Amino acid sequence: MTVKRQVEILDAGQIMAMRDVAVRFVDESPLPRYETVQYFGHAFHRDLWRLIPRVEQLAGRFPDEDVPANAALAGVGEARRRLDEIERAGLTGEFERVKRLARSIVALCDHHQNLAGATSS
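Heads up, my numbering is the position in the sequence shown plus 2, with the first residue counted as 1.
If you are wondering where the hints come from, they were derived from the structure by calculation, not from laboratory data.
No experiment lies behind these values; they were computed from the predicted model shown.
Glycine included, every Cβ here is placed at the ideal spot set by N, Cα and C.
Wrong hints could be hidden among the right ones.
Between beta-carbon pairs, the in silico distance windows are [stated by the list, open to error]:
1) E96 with A14: 30 to 36 Å
2) P70 with M18: 42 to 48 Å
3) R35 with R63: 39 to 45 Å
4) G62 with G95: 23 to 29 Å
5) T38 with A76: 29 to 35 Å
6) L93 with R26: 26 to 32 Å
7) S31 with V69: 18 to 24 Å
8) P32 with N116: 28 to 34 Å
9) R63 with G92: 23 to 29 Å
10) R63 with E37: 17 to 23 Å
11) R90 with P55: 34 to 40 Å
12) A91 with G15: 22 to 28 Å
13) E67 with S31: 39 to 45 Å
14) G92 with G62: 38 to 44 Å
Hey, can you work out the whole structure from these sequences and the hints?
Now the structure itself:
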């Protein structure tokens with residue numbers, strides 16, 4: 003017997019909020035405090051683990067040769083690689099690592115929006 007994993011449904015407001023926070027972090031000009039970077043690092047980890055299965059589920063509704071679905075799955079792969087990165091020494095290194103997580107959130111939110119819009123039309 004195969005057990006299906008329940009995928010959390012994320013509404014447009016949740017997706018937009020995740021994306022907005024990530025964009026603000028990427029655009030952060032003065033280097034934030036280390037505690038702030040760690041806080042966002044944990045939040046971005048959580049958000050990516052919520053987004054990844056949803057984007058995979060949406061992409062799975064399209065044919066194997068669908069370009070937007072394959073681009074979304076490539077984004078999922080990159081997000082997984084970034085989640086596996088270890089914490090960096092020093093504020094600057096950690097800030098750059100967390101910015102990469104934020105960029106993955108922006109990308110997956112965009113893929114989610116594109117795929118969800120394509121399935122509803």
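Here is how each hint holds up against the structure:
no., hint, result
1, E96 with A14: 30 to 36 Å, "31 Å, holds"
2, P70 with M18: 42 to 48 Å, "19 Å, violated"
3, R35 with R63: 39 to 45 Å, "42 Å, holds"
4, G62 with G95: 23 to 29 Å, "36 Å, violated"
5, T38 with A76: 29 to 35 Å, "30 Å, holds"
6, L93 with R26: 26 to 32 Å, "18 Å, violated"
7, S31 with V69: 18 to 24 Å, "35 Å, violated"
8, P32 with N116: 28 to 34 Å, "33 Å, holds"
9, R63 with G92: 23 to 29 Å, "43 Å, violated"
10, R63 with E37: 17 to 23 Å, "41 Å, violated"
11, R90 with P55: 34 to 40 Å, "27 Å, violated"
12, A91 with G15: 22 to 28 Å, "37 Å, violated"
13, E67 with S31: 39 to 45 Å, "42 Å, holds"
14, G92 with G62: 38 to 44 Å, "40 Å, holds"
In this structure, the earlier hints numbered 2, 4, 6, 7, 9, 10, 11, 12 are contradicted, and the remaining ones agree with it.
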